[in-house]
Each structure stands twice: as C-alpha cells, then as structure tokens.
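> When we follow my numbering, the leftmost residue of the sequence shown carries the number 1, and every step to the right adds one.
Hints listed in this document are in silico derivations from the structure and should not be mistaken for laboratory results.
Among the clues, some could well be false.
Said to hold, decoys possible - Straight-line Cα separation of at most 25 Å, BS3-like style, residue types lysine-lysine; simulated pairs:
#1 Lys64 to Lys77
#2 Lys33 to Lys59
#3 Lys87 to Lys77
#4 Lys71 to Lys59
#5 Lys20 to Lys64
#6 Lys33 to Lys20
#7 Lys20 to Lys59
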Amino acid sequence: SKETNADGDTTLKEDDKAAKANANKFNSHAHPKVEEGSPEWEILAERNHLDLILYDFIKMLYQKQERMINKYALERKQNAVENVEAKQ
1 SKETNADGDT
11 TLKEDDKAAK
21 ANANKFNSHA
31 HPKVEEGSPE
41 WEILAERNHL
51 DLILYDFIKM
61 LYQKQERMIN
71 KYALERKQNA
81 VENVEAKQ
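Whole structure, please, built from the sequences with the hints as guidance.
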C-alpha cells in the first residue's frame with residue numbers, strides 16, 4: 001500500500017518497502033518482530049546503540065534524497081509542459 005507524505009508525494013509504506021526488499025533473499029531467516037519500547041527492544045537498543053544512531057541517520061538521509069529526487073522529477077515534468085505550451 002502507499003502513503004502520501006507532507007510534500008504530497010506518494011510512496012510505499014515502510015513495511016511494504018521492507019517486504020519488497022526481502023522478497024528475493026535466499027540466505028535469510030524469518031525473525032519475530034520486536035516492538036519498539038518492549039524489553040527485547042531495549043536490550044537490542046543498548047547493545048546496538050551506534051547501529052541505531054546510524055540507522056536513524058540513514059532513514060533521514062533516504063527521506064531527504066527521496067524528496068529531492070521527487071522535486072527534481074516534478075520540475076522536469078513542469079519544464080516539459082512549459083516547452084510544449086511555448087511551441088503551440
């Protein structure tokens with residue numbers, strides 16, 4: 001399923017992105033989902049503190065790049081429409 005962000009861009013939901021990314025992996029194993037805030041989450045967070053900081057940074061960077069790419073694509077589309085209109 002898809003969601004619309006604050007910029008009005010439509011993207012896949014995070015769960016759908018993860019499922020799509022994992023669909024074709026041959027050497028992977030299913031693991032139970034760990035809910036944020038649970039005791040299990042807290043143990044993993046404590047042991048993987050720097051990994052979580054890096055993960056949050058990567059998510060932020062990915063979202064920023066996605067907005068930039070979508071903005072660029074929209075500008076190209078608008079320029080193409082303007083060029084067509086100018087020729088008429």
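> Compare the structure with each hint and give your call.
Evaluation of the provided hints:
1. A hinted pair counts as satisfied when its Cα atoms are at most 25 Å apart, and Lys64 with Lys77 qualifies at roughly 20 Å.
2. Our distance criterion of 25 Å between C-alpha atoms is met by Lys33 and Lys59, whose separation comes to about 19 Å.
3. Simply put, Lys87 and Lys77 have alpha-carbon atoms about 16 Å apart, close enough for the 25 Å limit, and the pair holds.
4. Taking the CA atoms of Lys71 and Lys59, the gap is about 18 Å. The hint holds against a cut of 25 Å.
5. A C-alpha spacing of about 21 Å is found between Lys20 and Lys64, which places the hinted pair at or below 25 Å, so the restraint holds.
6. Only pairs whose Cα atoms come within 25 Å are accepted, and Lys33 paired with Lys20 is accepted, the gap being roughly 16 Å.
7. A distance of roughly 17 Å separates the Cα atoms of Lys20 and Lys59; the hinted pair therefore holds under the 25 Å criterion.
Checked against the numbered hints above, the structure violates none of them.
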